[in-house]
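*Asks:* So you can see what is in the structure, the chains are spelled out below.
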Amino acid sequence: MTFVYGDNIDTDRIIPGKYTKTLDLDHLADHVLEDLDPTFSKRVKAGDILVAGENFGCGSSREQAPLALKQTGLSVIIASDYARIFYRNAINIGLPVLEIGPHDIENGDDLQVDIAEGVVVNNTSGKKYQAVKMPQVMIDILAEGGLVSYLRKNKQYKV
Amino acid sequence: MTISDKILSNHVGKKVVPGDVIICPVDGVMATDTTGPLAIKAFREMGGTQVFDPAKCALILDHAVPPPNERIANLHKMMRSFAKEQDMRLFEIGEGICHQVMVEHEYVKPGDVFVGADSHTPTYGALNAFACGVGSTDLAATMMTGKIWLKVPHSIKIKCQGKLQKGVSAKDLILYLVGQLTISGATYQAIEFEGETFESMTLASRMTIANMVAEMGGKTGIVNPKGLLLDYEYEGIEPDKDAKYLKTYEFDVADLEPQISAPESPDNVSNLSNHHGVKIDYAFIGTCCNGRLEDLQSAAKVLKGKRIKSGVRFLIAPASKGTLLDAMNDGTLQTLIEAGASIITPGCGPCVGTHQGVPGNDEVVISAANRNFKGRMGNPNSNIYLAAPATVAASALHGEITAPDMYLT
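As you go down the protein sequences, you meet chains A and B in turn. Everything in the first sequence is counted per the working numbering, starting at 1 for the first residue and increasing by one. Everything in the second sequence is counted per the working numbering, starting at 1001 for the first residue and increasing by one.
Excised from the complex, chain A in its bound form (with noise of 0.2 Å):
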């Protein structure tokens, strides 16, 4: 299932600032973006993807955003572009994120996802995305999963 939001949704539309003092995950995502779309934690599935539009994630630096996103159990997030915080977060916690520039996905399109690739084909409207490339210390840090295990193996940032 793809979901699909618009411009702008800032965290406190992701998990607003009340529920956000908490290491209990589950209790994240029973209130992810309930003040958007009251239904989103009802109705995603593990494997779902979610599609926005331009500057995703804008406003606070909580982790406890993409934290929400990821245990709902969501694949991917693809948006137009991020917000700085918000992308570096993603990636941190091993959330996949891809950038794919101006786009016209619709609710409830087929997309087939190629993350190691960031390659976004519409099967509905018949569009193919490129997503744009990260740094190659995000790629080596998505790859390990995240951020904790990258320096668990690693130690110290390798570039």
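There could be a bad hint or two in this list.
[To be verified] Covered, in the sense of this in silico footprint (three residues per stretch, anywhere, with C-beta under 8 Å from a C-beta of chain B), are these stretches of chain A:
hint, stretch
1, 10–18
2, 50–63
3, 82–89
4, 126–138
5, 153–159
[Unchecked claim] Keeping only pairs whose Cα atoms sit at most 25 Å apart, straight-line, the calculated BS3-like set for lysine-lysine is:
hint, chain 1, residue 1, chain 2, residue 2
6, A, Lys158, A, Lys133
7, A, Lys155, B, Lys1247
8, A, Lys133, B, Lys1247
9, B, Lys1301, A, Lys133
For the record, the hints were derived by calculation from the structure and aren't laboratory data. Glycine included, C-beta positions come from ideal geometry on N, C-alpha and C.
Mind docking chain B on chain A? Use the hints.
*Replies:* Positioned in the frame of chain A, the structure of chain B alone reads:
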């Protein structure tokens, strides 16, 4: 080279250019009670045993203080115990908002690179430092290694000429600039603020300016050090004459009017006159944007000898214990309390919607904070207007959005 290029080059020991990916040593790190617990968890999971330098690391309890429930009380407890174990400083409940505390206690100085687990960390750009916000896992990695990986940003210059009119403050200027550049106008970039309008600004006003770089998506925002007065000696970093900027904006702000950011995005900015008369239920002054002494003083100037409108509530959360004491000593606090304000614990207060002043359904808030996203203050069915502290005070007085100039001489 721009100011950012210079600061980053100084730290890595070689000349860097925008686009370079660098591993940069940092001069300080901090986390709050929103981001700290996850950072501590990640620090342990990545094999961290000791922070890189306890004197350069700080934890601050400010987002939910005093704790409103047992869950948060236990997160605070976890942070205290980590700080004790690591022999690093934890700023207790009521010491103030992380950014104010870091500046007052000199954890960050001109020319530094500072990483904070809070999106408003660019505030330290007021001090001519390169400061950026990160999430908990990045913070944990920086606490462990003393370094952060960064892509050297391109810079955008914002040049302002003209002296601000009576009743117009740094907050009005930065709201105007956020409106001009938009919520994503500086994404991934470093902003440099320069020009005579900034040169006459206090450190507090410069902090208000740099603070809202976050609302333009910027990685950092640095105010040119010209005219910056500090309690200690420092060497300011200025850009080279031939420094390259991705874009340069020039504004003459001598005629700027008081500004309002209307719901539900900080960049939804226009002249106050467009909103004059909008009824308000609740006024709030505080936050890392506008909770400092000069902000409380400007509100007190408006409210001296007067009472706020009946039916309006008015909360003030001073930015730090130091601010609270100063406002007590110079009579500001007495004026505000006599006018009808309630003073709450120094900290982030109702801005983050966790407790201490959640608005009711359909209520309208006028706030000196920096964000008005839907649900920001804890209720998605309320509306938040952002404004300068003097405007918030004048609006509390009239029960509707009101320009403050007639009360400021």
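*Asks:* Compare the structure with each hint and give your call.
*Replies:* To see whether the hints hold, each was checked on the structure:
{"no.": "1", "hint": "10–18", "verdict": "holds (count 6)"}
{"no.": "2", "hint": "50–63", "verdict": "holds (count 8)"}
{"no.": "3", "hint": "82–89", "verdict": "holds (count 5)"}
{"no.": "4", "hint": "126–138", "verdict": "holds (count 3)"}
{"no.": "5", "hint": "153–159", "verdict": "holds (count 4)"}
{"no.": "6", "hint": "A:Lys158 to A:Lys133", "verdict": "18 Å, holds"}
{"no.": "7", "hint": "A:Lys155 to B:Lys1247", "verdict": "39 Å, violated"}
{"no.": "8", "hint": "A:Lys133 to B:Lys1247", "verdict": "24 Å, holds"}
{"no.": "9", "hint": "B:Lys1301 to A:Lys133", "verdict": "54 Å, violated"}
Hints 7, 9, counting from the list given before, are not met by this structure.
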